[in-house]
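Peer 1: Residues 1 to 141, numbered by my numbering, are exactly what the sequence shown covers, in order.
Hints are computed from structural coordinates only; laboratory data are not their basis. Be aware that a few hints might be false.
Cut-off 25 Å, straight-line C-alpha distance, at most; resulting in silico cross-link-like pairs (DSS-like, lysine-lysine) [what the hints assert, rightly or not]:
| no. | residue 1 | residue 2 |
| --- | --- | --- |
| 1 | 85 | 112 |
| 2 | 135 | 90 |
| 3 | 69 | 111 |
| 4 | 69 | 15 |
| 5 | 60 | 105 |
| 6 | 111 | 23 |
| 7 | 114 | 85 |
| 8 | 85 | 69 |
| 9 | 135 | 105 |
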Amino acid sequence: MSQPIWASKLITLKKTEFSKSKKCQLLNEISLSDNLSDLEKSKKFSMRDEDFLTISLLNKAKQPCFTFKYTPKISPYLNLQLSNKEITIKEIHGSTLSGNWLERKYRIDLKKQKLYLLSGFHTSFSADADGNIMKTVTRWQ
1 MSQPIWASKL
11 ITLKKTEFSK
21 SKKCQLLNEI
31 SLSDNLSDLE
41 KSKKFSMRDE
51 DFLTISLLNK
61 AKQPCFTFKY
71 TPKISPYLNL
81 QLSNKEITIK
91 EIHGSTLSGN
101 WLERKYRIDL
111 KKQKLYLLSG
121 FHTSFSADAD
131 GNIMKTVTRW
141 Q
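Produce the entire structure from the sequences given, and follow the hints as far as they go.
Peer 2: In structure tokens, the structure reads:
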């Protein structure tokens, strides 16, 4: 099984009232909430430098089993996926013509209540003088 890339890349899971339930041994959904007020959300979704998002791991009954805080590095616009005890978080900034993506994959360890970083990639898109789109992928820690 994969080991964490760096110990500093560990994310600790926070228990909820449902954490001890047997239903929480099988996580099948992921949901996103944040610490912004409804007033801020209705005006425009943007994040200050210190802001974070709270991500919840849900069981089949849609009960939050565990939560963790996540601070986006390049964009608050996220694509979240959960499968086979792995979470993929993709931050999307800009468009395909002139944008960046940051994709990180974490392994979920429920016994230790940790997320281990498995991989991270930064994808940049740019257009050359002829208008052809170029894609550059680099490893991101």
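Peer 1: Quickly compare the C-alpha distance for residue 60 and residue 105 to 25 Å and report which way the hint goes.
Peer 2: Given pair residue 60, residue 105 holds - Cα atoms ~22 Å apart, limit 25 Å.
Peer 1: Hinted pair, alpha-carbon criterion (25 Å max): residue 135, residue 105. Please report holds or violated.
Peer 2: Within the cut-off at roughly 20 Å; holds.
Peer 1: Within 25 Å, alpha carbon to alpha carbon, are residue 69 and residue 15?
Peer 2: OK: residue 69 and residue 15 at ~12 Å, within 25 Å.
Peer 1: Between the alpha carbons of residue 85 and residue 112, is the straight-line distance 25 Å or under?
Peer 2: Cα-Cα ~13 Å, so holds.
Peer 1: Check whether the Cα positions of residue 135 and residue 90 lie no farther apart than 25 Å.
Peer 2: Holds, because 16 Å separates the two Cα atoms, which is no more than 25 Å.
Peer 1: Quickly compare the C-alpha distance for residue 114 and residue 85 to 25 Å and report which way the hint goes.
Peer 2: Given pair residue 114, residue 85 holds - Cα atoms ~12 Å apart, limit 25 Å.
Peer 1: Do the alpha carbons of residue 85 and residue 69 lie within 25 Å of each other, as the hint requires?
Peer 2: holds (18 Å)
Peer 1: Assess, step by step, whether the Cα of residue 111 is no farther than 25 Å from the Cα of residue 23, and give holds or violated.
Peer 2: holds (14 Å)
Peer 1: For the pair we were handed, residue 69 and residue 111, check the Cα-Cα distance against 25 Å.
Peer 2: holds (19 Å)
Comparing the model with each earlier hint shows no violations; every hint is respected.
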